[in-house]
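Residue 732, in the UniProt record's numbering, is where the sequence shown stops; the numbers in between run on with no holes.
The hints are simulated quantities; they were obtained by calculation from the structure and are not laboratory data. Among these hints, one or two may not hold up.
Taking lysine-lysine and the DSS-like style, the derived pairs with C-alpha atoms no more than 30 Å apart in a straight line are [unchecked claim]:
| id | residue 1 | residue 2 |
| --- | --- | --- |
| 1 | LYS168 | LYS42 |
| 2 | LYS168 | LYS139 |
| 3 | LYS42 | LYS573 |
| 4 | LYS352 | LYS42 |
| 5 | LYS444 | LYS149 |
| 6 | LYS4 | LYS670 |
| 7 | LYS71 | LYS42 |
| 8 | LYS496 | LYS401 |
| 9 | LYS223 | LYS168 |
| 10 | LYS192 | LYS149 |
| 11 | LYS42 | LYS378 |
| 12 | LYS277 | LYS573 |
| 13 | LYS277 | LYS30 |
| 14 | LYS378 | LYS352 |
| 15 | LYS376 | LYS37 |
| 16 | LYS323 | LYS298 |
| 17 | LYS277 | LYS322 |
| 18 | LYS168 | LYS71 |
| 19 | LYS168 | LYS113 |
| 20 | LYS168 | LYS250 |
| 21 | LYS113 | LYS37 |
| 22 | LYS202 | LYS590 |
| 23 | LYS378 | LYS323 |
| 24 | LYS192 | LYS223 |
| 25 | LYS352 | LYS139 |
| 26 | LYS171 | LYS250 |
| 27 | LYS590 | LYS444 |
| 28 | LYS253 | LYS323 |
| 29 | LYS308 | LYS42 |
| 30 | LYS71 | LYS352 |
| 31 | LYS139 | LYS192 |
| 32 | LYS37 | LYS298 |
| 33 | LYS202 | LYS277 |
| 34 | LYS4 | LYS662 |
| 35 | LYS444 | LYS657 |
| 36 | LYS308 | LYS30 |
With beta-carbon atoms standing in for the labels, derived distance ranges [what the hints assert, rightly or not]:
| id | residue 1 | residue 2 | range |
| --- | --- | --- | --- |
| 37 | ASP603 | LEU363 | 29 to 39 Å |
| 38 | LEU363 | LYS323 | 35 to 45 Å |
| 39 | GLY41 | LYS277 | 29 to 39 Å |
| 40 | THR419 | ASP90 | 52 to 62 Å |
Predicted model, so just to flag it, every value in this text is computed and none were measured. The C-beta atom is built at its ideal place from N, Cα and C for all residues, glycine as well.
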Amino acid sequence: MGEKRGSIAFFTTYRPPVALDIYSCPLRPKSPSEELKMTDGKSYNYDGHYIPPAALKFIINRPELIPEGIKDADVESGNVSGMVFVSERDDLETLQIAIQTKSSSHTDTVSTKVFSVEDVYPRSDGVRMEDSPCIAGVKQDTLVYISTKEPAPRRRQPWTAVYKTNLKTGKTDRLTPSLQADLSPSVSPSGKRIAVASYQRKAGWAGEIQDLQTSIFVMNVEKPFNRRLVVENGGWPTWGSEGVLFFHRKVDKFWAVFRVEFTDTFVSEPTRITPDKSNAVTPVAIDATTVAVATIRKLADFGIGRKKEHYRHIVVFDSVIKKPIMNVTQVTKPLADHFNPFVIMDVGTNTKRIGYHRVNTDLIKVGENIERQFCKIKSPVPDIGLFRLSGAFPTFSSDGKKVAFVDNEFKSVWIADSTGLKMVFETEGPNRIFSPVWNQNPGKDILYVCMGPSFAADKPVDIALIPNASEGRQHVQQLTDGFNNAFPSTNPEGTKLVFRSTRDHPEDPEAKVKDGFKNLYIMEDAEEGDFGEGRITRLTEGDWVDTHCQWSPSGEWILFSSSRDKPTGAPRKDNDLDAGFFALYLVSPKHPDVIVRVFGSGDDLSGHVNHPFFSPDGRTIVVTADLAGVSVDPISLPLVEQSGRAYGDIFSVEIDKDDIKKNENVKEFKRITHSRYENALASWTMFSSDDPNSAWNLQFKGEYAPSCPYAPPNGAESWHMSGHICIAQRKC
1 MGEKRGSIAF FTTYRPPVAL DIYSCPLRPK SPSEELKMTD GKSYNYDGHY IPPAALKFII
61 NRPELIPEGI KDADVESGNV SGMVFVSERD DLETLQIAIQ TKSSSHTDTV STKVFSVEDV
121 YPRSDGVRME DSPCIAGVKQ DTLVYISTKE PAPRRRQPWT AVYKTNLKTG KTDRLTPSLQ
181 ADLSPSVSPS GKRIAVASYQ RKAGWAGEIQ DLQTSIFVMN VEKPFNRRLV VENGGWPTWG
241 SEGVLFFHRK VDKFWAVFRV EFTDTFVSEP TRITPDKSNA VTPVAIDATT VAVATIRKLA
301 DFGIGRKKEH YRHIVVFDSV IKKPIMNVTQ VTKPLADHFN PFVIMDVGTN TKRIGYHRVN
361 TDLIKVGENI ERQFCKIKSP VPDIGLFRLS GAFPTFSSDG KKVAFVDNEF KSVWIADSTG
421 LKMVFETEGP NRIFSPVWNQ NPGKDILYVC MGPSFAADKP VDIALIPNAS EGRQHVQQLT
481 DGFNNAFPST NPEGTKLVFR STRDHPEDPE AKVKDGFKNL YIMEDAEEGD FGEGRITRLT
541 EGDWVDTHCQ WSPSGEWILF SSSRDKPTGA PRKDNDLDAG FFALYLVSPK HPDVIVRVFG
601 SGDDLSGHVN HPFFSPDGRT IVVTADLAGV SVDPISLPLV EQSGRAYGDI FSVEIDKDDI
661 KKNENVKEFK RITHSRYENA LASWTMFSSD DPNSAWNLQF KGEYAPSCPY APPNGAESWH
721 MSGHICIAQR KC
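When you get a sec, could you build the whole thing from the sequences and use the hints?
Encoded structure:
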């Protein structure tokens with residue numbers, strides 16, 4: 001058994017519960033039947049790019065593809081075509097090549113076979129995320145793409161860099177300068193230059209949430225690179241010609257697409273080509289004056305039924321008249337979101353098509369529940385397993401026999417154990433459930449949950465106890481009496497419980513800005529709380545936020561996240577959210593004055609290190625943090641109501657489990673996940689995900705359905721299908 005130190009589970013937002021696939025349609029489609037699926041329906045597939053015939057001929061002649069028997073003439077005639085895209089089929093978000101072959105007897109029938117780029121061009125890049133593939137070079141002999149395989153030189157900076165791989169030799173080189181981070185590369189028509197969205201002008205990522213405020217740089221694919229700034233404040237560049245770029249930019253509250261002309265010595269003023277008060281993003285140029293964009297004509301409130309104008313659709317704009325000239329996906333799939341268009345050249349007919357990705361709604365029958373699964377992920381640490389739960393806040397019992405989590409509506413609690421998968425509690429009304437946690441004593445079948453407005457720090461939130469949780473549906477027992485209380489964790493004996501609360505920080509109801517200060521407290525009786533003979537002891541004290549606490553497996557320490565070292569003069573708020581400055585701390589429950597700061601995000605402690613969790617052996621802490629910034633342009637993903645600020649990915653830090661003082665300001669950390677999504681809320685069990693003795697892992701092959709069907713009778717996508725996390729109207 002390889003996973004000797006157990007398994008880490010986590011939750012992901014932005015990622016749709018229904019798989020994504022890549023599709024295409026003619027530039028002026030006439031009916032839904034003209035939409036073609038470009039991928040094979042296995043796993044999640046997205047962010048495609050057409051492979052020109054010259055490049056495809058290099059690929060099919062690689063040793064790994066020669067057995068397929070594809071001839072150059074098949075490519076030249078258009079009977080065989082190719083696409084490079086991102087897929088999750090290898091338990092990572094990495095590049096794949098799709099080879100499409102037309103049937104000799106049925107011209108409308110196309111078979112698709114997929115190959116990993118890593119198999120065709122062997123390399124040892126390890127665990128990483130790849131994105132934005134495109135073909136470059138005068139001979140179209142170069143694959144350009146983004147990878148996170150190399151750490152950034154500083155904390156809280158993106159690991160995203162542009163690389164190129166020669167399609168003939170397999171040689172790979174980095175194009176992004178060593179101290180910079182780039183996104184969204186695009187190749188010029190000549191193949192000689194690329195444009196990137198870069199943080200270079202502003203010295204890195206500074207915690208931006210949706211609008212990254214990158215700038216566009218242009219550079220040569222070959223030396224001398226002659227990298228130079230072309231556009232300040234722009235993202236997602238695409239070439240209309242050798243001297244024309246389109247890009248998107250946020251203006252006030254809306255996103256728009258712009259066009260800029262430039263030479264070696266001149267750059268024009270960017271011209272907006274999409275209308276006010278509507279959103280247009282992720283452009284792809286068709287020619288120097290025509291561009292396809294993803295648009296949302298009218299924003300809808302999360303959770304309500306949407307109409308055609310509320311969906312993200314592909315529309316073609318003429319930059320001369322600054323008006324739309326063609327609806328694309330409104331014809332083929334009017335009640336669905338479509339993402340990240342790209343241009344495909346059909347060699348056989350000498351016509352252009354538009355490609356894009358969307359949720360594969362063919363996987364769901366009308367009125368059925370959306371199925372959710374446990375999903376294993378490739379781990380960078382050989383002796384630690386890694387998997388994603390589609391439910392939020394995964395938590396394991398200390399004996400590893402049970403796992404509990406909350407559904408994506410934050411309305412019900414589920415448990416997986418040897419008897420299967422079952423809902424054990426569901427709340428009615430406006431309240432939500434979050435942060436379930438097992439009592440650490442395996443002899444006590446007790447689950448704790450938090451109930452209230454889960455993302456409203458100034459509203460009352462209570463901690464409740466679910467007795468005999470694994471036996472089925474139960475009533476809850478409230479443990480707190482007023483204030484905002486959350487994130488409970490018991491000592492190993494299961495007799496005491498630490499939690500965070502606002503109880504000694506009353507808010508002025510007239511104050512325009514709420515302080516939201518919270519400290520840590522201990523319930524001396526984990527089954528009585530504020531009631532009966534229960535007694536509450538204050539553990540920490542100060543005008544800051546102490547939160548996300550967990551008792552160590554040894555019982556000697558309590559781990560928590562805190563803003564206590566936030567610098568004087570730091571802003572109270574950032575983008576109407578907390579200003580960050582959360583770092584990781586250890587405190588002794590027996591000696592509350594013994595507190596050690598273990599780990600922060602940015603050099604000045606800016607950023608977020610949150611939701612810490614001990615490994616079962618107490619040697620490692622796993623956290624959710626923004627240590628690697630963001631890895632894709634967030635506006636290219638579905639909008640998410642609940643996640644105002646992306647925490648980022650899962651990281652781990654090694655500690656000395658015997659001497660608390662040796663854990664002060666730990667320098668080294670390890671990145672566990674690499675994702676375009678937001679990975680958060682990690683939990684750790686002592687058992688391997690391959691251990692036949694741990695009952696919960698039997699559910700890897702099973703599925704659970706949320707308590708409310710999400711597939712509307714009219715076949716439309718609901719918010720949930722395309723990754724939007726929201727609280728929908730509940731009618732069942």
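Here is what the structure says about each hint:
no. : hint                        : verdict
1   : LYS168 / LYS42              : holds (28 Å)
2   : LYS168 / LYS139             : holds (11 Å)
3   : LYS42 / LYS573              : violated (43 Å)
4   : LYS352 / LYS42              : holds (26 Å)
5   : LYS444 / LYS149             : violated (44 Å)
6   : LYS4 / LYS670               : holds (18 Å)
7   : LYS71 / LYS42               : holds (26 Å)
8   : LYS496 / LYS401             : holds (22 Å)
9   : LYS223 / LYS168             : holds (19 Å)
10  : LYS192 / LYS149             : holds (25 Å)
11  : LYS42 / LYS378              : holds (17 Å)
12  : LYS277 / LYS573             : holds (27 Å)
13  : LYS277 / LYS30              : holds (28 Å)
14  : LYS378 / LYS352             : violated (37 Å)
15  : LYS376 / LYS37              : holds (26 Å)
16  : LYS323 / LYS298             : holds (17 Å)
17  : LYS277 / LYS322             : holds (14 Å)
18  : LYS168 / LYS71              : holds (16 Å)
19  : LYS168 / LYS113             : holds (21 Å)
20  : LYS168 / LYS250             : violated (40 Å)
21  : LYS113 / LYS37              : holds (13 Å)
22  : LYS202 / LYS590             : violated (46 Å)
23  : LYS378 / LYS323             : violated (46 Å)
24  : LYS192 / LYS223             : holds (10 Å)
25  : LYS352 / LYS139             : holds (21 Å)
26  : LYS171 / LYS250             : violated (38 Å)
27  : LYS590 / LYS444             : holds (24 Å)
28  : LYS253 / LYS323             : holds (20 Å)
29  : LYS308 / LYS42              : holds (28 Å)
30  : LYS71 / LYS352              : holds (23 Å)
31  : LYS139 / LYS192             : holds (10 Å)
32  : LYS37 / LYS298              : holds (27 Å)
33  : LYS202 / LYS277             : holds (28 Å)
34  : LYS4 / LYS662               : holds (25 Å)
35  : LYS444 / LYS657             : holds (26 Å)
36  : LYS308 / LYS30              : holds (17 Å)
37  : ASP603 / LEU363: 29 to 39 Å : violated (45 Å)
38  : LEU363 / LYS323: 35 to 45 Å : holds (36 Å)
39  : GLY41 / LYS277: 29 to 39 Å  : holds (38 Å)
40  : THR419 / ASP90: 52 to 62 Å  : violated (33 Å)
In the structure shown, a violation is registered for the earlier hints numbered 3, 5, 14, 20, 22, 23, 26, 37, 40, in ascending order.
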